[in-house]
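J.: Spelled out from the first residue to the last, the chains are:
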Amino acid sequence: MVLSATTDGGQRSIRRNGSFGYVVPALLLIAFFFIIPVLMLLMRSVLEPTPGLQNYQELLGSTTYLRVFLNTFTVAGLVTVVAVVIGFPVAWLLAIMPDKWSRLVMAIIVLSMWTNLLARTYAWMVLLQRTGVVNKMLISLGIIDKPLALVNNLVGVTIGMTYIMLPFVILPLIGILKSIDPAILRAAALCGANKRQCFTRVLLPLSLPGIASGALMVFVMSLGYYVTPALLGGTSNMMLAELVAQFVQSLVNWGMGGAAALVLLLVTMVLYAIQLKFLNPNRVR
Amino acid sequence: MLLDFDKLGGLKPFLIGLTVLVCLFLILPIVFIAALSFGSSQWLIFPPPSWTFKWYQMLFSDPRWLWSALTSLKIAAIVTVLSVILGFLAALGLNRGTFAGREALRALFLTPMILPVVVLAVALYALFLQLGLAGTTVGFIIAHLLIALPFSIISIGNALEGFDKSIEDAAILCGASPWEARLRVTVPAVSHGIFAAAIFSFLASWDEVVLAIFMASPTLQTLPVKIWATLRQDLTPVIAAASTILIAFTILLMVAAALFRKGRKA
Amino acid sequence: MTQPFLSIRGIRKTYGQVTAVKNVSLDVAQGEFMTFLGPSGSGKSTTLYILAGFQDPTDGDILLNGQSLLSTPSHKRNIGMVFQRYTLFPHLTVGENVAFPLRIRRVGQAEIAERVKKALKLVRLEGFEDRKPALMSGGQQQRVALARALVYNPPVLLMDEPLSALDKKLREEIQFEIRRIHQETGVTILYVTHDQEEALRLSDRIAVFSQGEIDQIGTGPELYANPATHFVAGFIGDSNFINAEILSSADGKAKLSLPGGTVIDGVPMHAGKAGGKSASLLLRPERLSLSSTQVGNGLAVTINDITFLGNNIEVSTLTGSGESLSVRLPFGHEAISSISRGDQAWLSFEPKSTHAFA
Ligand SMILES: Nc1ncnc2c1ncn2[C@@H]1O[C@H](COP(=O)(O)OP(=O)(O)O)[C@@H](O)[C@H]1O
Ligand SMILES: [Mg+2]
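Chains as they are written, first to last, in our numbering: chain A, 1 to 285; chain B, 1001 to 1266; chain C, 2001 to 2358.
What the hints contain is simulated information worked out from the structure, not anything from laboratory work.
Treat the numbers as computed from the prediction; the structure is a model and nothing was measured.
Among the hints, a few may not be true.
What the hints assert, rightly or not - Not close to chain C: a few residues of chain B, all C-beta gaps over 10 Å, as computed:
| hint | residue |
| --- | --- |
| 1 | PRO1013 |
| 2 | ALA1034 |
| 3 | MET1113 |
| 4 | ALA1248 |
Stated by the list, open to error - To be clear about the criterion: a stretch of chain B counts as covered by chain A if any three or more of its residues have a C-beta under 8 Å from a C-beta of chain A, and this derived list gives those stretches:
| hint | segment |
| --- | --- |
| 5 | 1022-1031 |
| 6 | 1036-1050 |
| 7 | 1087-1098 |
| 8 | 1125-1137 |
| 9 | 1146-1160 |
| 10 | 1217-1228 |
Backbone N, C-alpha and C fix where the C-beta goes; we use that ideal spot for every residue, glycine too.
Produce the complete structure using the sequences and hints provided.
T.: Written as structure tokens, this is what we have:
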């Protein structure tokens, strides 16, 4: 360290403890307002109303709550599958099409992503209502003759959430697909592989880590989503995040609220750890 | 040759067709809301029977809408400043630091971003009830700062990655004090990261709903809380008007970001 | 006349305003090693890509055994190719990579194993079956790519600067291997390079590309001894050019006047596009002799620099009119001892051994 000799003493002492001082303000914020409150909430889940695991027993034992878990996983799974199946071809085209066109499509994707969440959800509430444009269009096309119930149920939630999650699938996949050398696909073709074989044996396996990672991210985000299910889903088809909020807001049952929050937290963290460990597309293989 | 645009063959119309459909799916709701905000139908009939500005008049004549927008603006502005400062310091520490556990610390700082917001909201709400911070501006700011900070740390961290520290050292050798060097050399060099951090932090707070619902009180509401509360009652076209203004605001921001990027390249 | 094995006929390729290939025609015999040599951007890769079916030509045709290939898609052309970049499938092992074309062709399991083994032996990578490509060096990866391209016995193998990413020593090693493999398998090879040494070392014949056209096709010695254009003369071997005035020309021989007044006769003359009275005269450095005393019909020069290059010595000189000419002399040549920088000297040469390009 030639340099520290030329600078003042304070600088040198910072160098010696490795610049830890810089992270202290952020660390204090996180400790006091993130770690401590989350731990306190978890404490309450095992202490209220009486110490013990009864909150968890009730949560995992009753059919009412199991129904909520089922809803949550079904919607998150459906949203993930639909978003990946639709998003992959779009990302594929965007990765290889001429720039001037892809820029337009990108602008549309980014605009939809940056538009206020409530504005987007409101749009779907209006579009999907009984007298809404979607029902009217389906009727005038002769596909149905009575309006379908598209909101206040899981259909509405799935449509609204797919809308929100699509950009989160498409944008990272573009990067993944762009990083695959087109010459590898040319080599596969010369080896005799037709388009379908090139796709199933080369392109798909090469993009699979990226697809899996994006899918898991969307799945995790969907599991904990609150706003869209609450507005498009109606009260009878609750998802896990709504359950947490309901315990705290309307029922003022902190024990159950904490327990439900912990379950959500655990599932999220486990899936996130899996993503980091096994599916990170940036990891050297 | 699946990755050669000119040689896609029969796949090309399929991919283009699907992409056009997805674009329509993504853009039509936004266009639709903008159109309805000028439509005369209270019941949001589409296409509207006639055109009107009355929803905008109702929006602007109700002081609660304006007041909630101002509250949002105030909170978002303070959160942006704090997030950039704390984010810059934290990113600097994580980037330059030699202390142990830096990777774990980085992961910890980013957790509020991946954690379901509702968990954070409920936990903070409980704490704030005890501290008397529930329903206060300070509570709001702390809550939003938690989710804005990861964006700052990422944006500024990326910019610092691409900045050669020896330039700062050179400034110190020229006689600047360490902090002088940082302010005059490093901060300008990573200004694009700081700019991105500011935009993302602002948006994170300005658009945030879930924490806001828990932090709000009848006298302290941000714009999303006001929209949320109205939405739960009925689908009034006033919300379409408010949404349209927000969308216009988003487009302005995108254009500004694009111009900024272009300016940096030129 | 027998039908050529592979025939490229009047290929042209344009991308919007850009003409990548202007007009390329050439016949390749079975088992021949043909190299496309030319500077970057001269249309070599584009020609190869049209052969492979990655691009469709704007004009022209390609015939293999008299049959047009153009309507056959890449995956049915049964052509092998090694690319400039590394194109092994990163998710497959070396063995699976080489087996890939055979699996596509539904070859039986036992035969696949045997042929993969044989192909890897051919490129001297036996025992590497279970490696992932990412764990291999660039040279090894290109050798696996070669095995993958040969395992299905294609009649034609295309190679697009396969060694350009490797360092010089490794490049020479693999050049030697490619030459051996060509001899062992008898496959017809079309090889692209911008490196004249590589072209000369490997090829039976060389097609010299310049700006989307072939300037000349011939064996290495032919191109060196009898270049058809100024470009070929400059691209193959070392060369000096000086300006000369055409006094008269007939039967492909010309009488020229050099700067300083020297007149030479009987110079092989290659009519170029320009025509006119002035010509460019090619003087190979190793065909010039240097003398410190005046010789008849010699070119008066000043010694500018003397460089020792191991087995020979390069003397750079300046003519009276300021053109620089380099002379290559064998080490120990008697002229060296008697000259030093700034001295006056005389260059002489056989007019027959030079070439003039109008
Ligand atoms: N896809 C393309 N679009 C536009 N121009 C191209 C394309 N491919 C090649 N070219 C142009 O065609 C010319 C010949 O390119 P190429 O065949 O790759 O040359 P070489 O392989 O001899 O270096 C170059 O000027 C190149 O810029
Ligand atoms: Mg090339």
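J.: None of the hints should be skipped; say for each whether it holds.
T.: Status of each hint after checking the structure:
With a minimum CB-CB distance of about 18 Å to chain C, PRO1013 (chain B) clears the 10 Å threshold, and the non-interface call stands. Consistency note on ALA1034 (chain B): stated as away from chain C, and its beta-carbon is indeed over 10 Å from all of that chain's, at 38 Å minimum. With a least beta-carbon separation of about 31 Å from chain C, MET1113 (chain B) lies farther than 10 Å from that chain, consistent with its non-interface assignment. At the 10 Å boundary, the C-beta of ALA1248 (chain B) stays outside the reach of chain C, the nearest C-beta of that chain being 38 Å off.
With a threshold of 8 Å between beta carbons, the proposed coverage of the segment 1022-1031 of chain B by chain A holds, since 7 of its residues qualify and at least three are required. For the segment 1036-1050 of chain B, the proposed coverage by chain A is satisfied: 5 residues have a C-beta within less than 8 Å of a C-beta in that chain, meeting the threshold of three. Residues of the segment 1087-1098 of chain B with a Cβ under 8 Å from some Cβ of chain A number 9, which satisfies the need for three, so the listed coverage holds. Here the segment 1125-1137 of chain B counts 3 residues with a CB under 8 Å from a CB of chain A, which clears the bar of 3, and the coverage holds.
Note: the segment 1146-1160 of chain B has 3 residues with beta-carbon separation from chain A under 8 Å; the three-residue rule is met and the coverage holds. Coverage of the segment 1217-1228 of chain B by chain A holds. Counting CB-CB distances below 8 Å, 3 residues qualify, and the rule asks for three or more.
Checked against the numbered hints given earlier, the structure satisfies every one of them.
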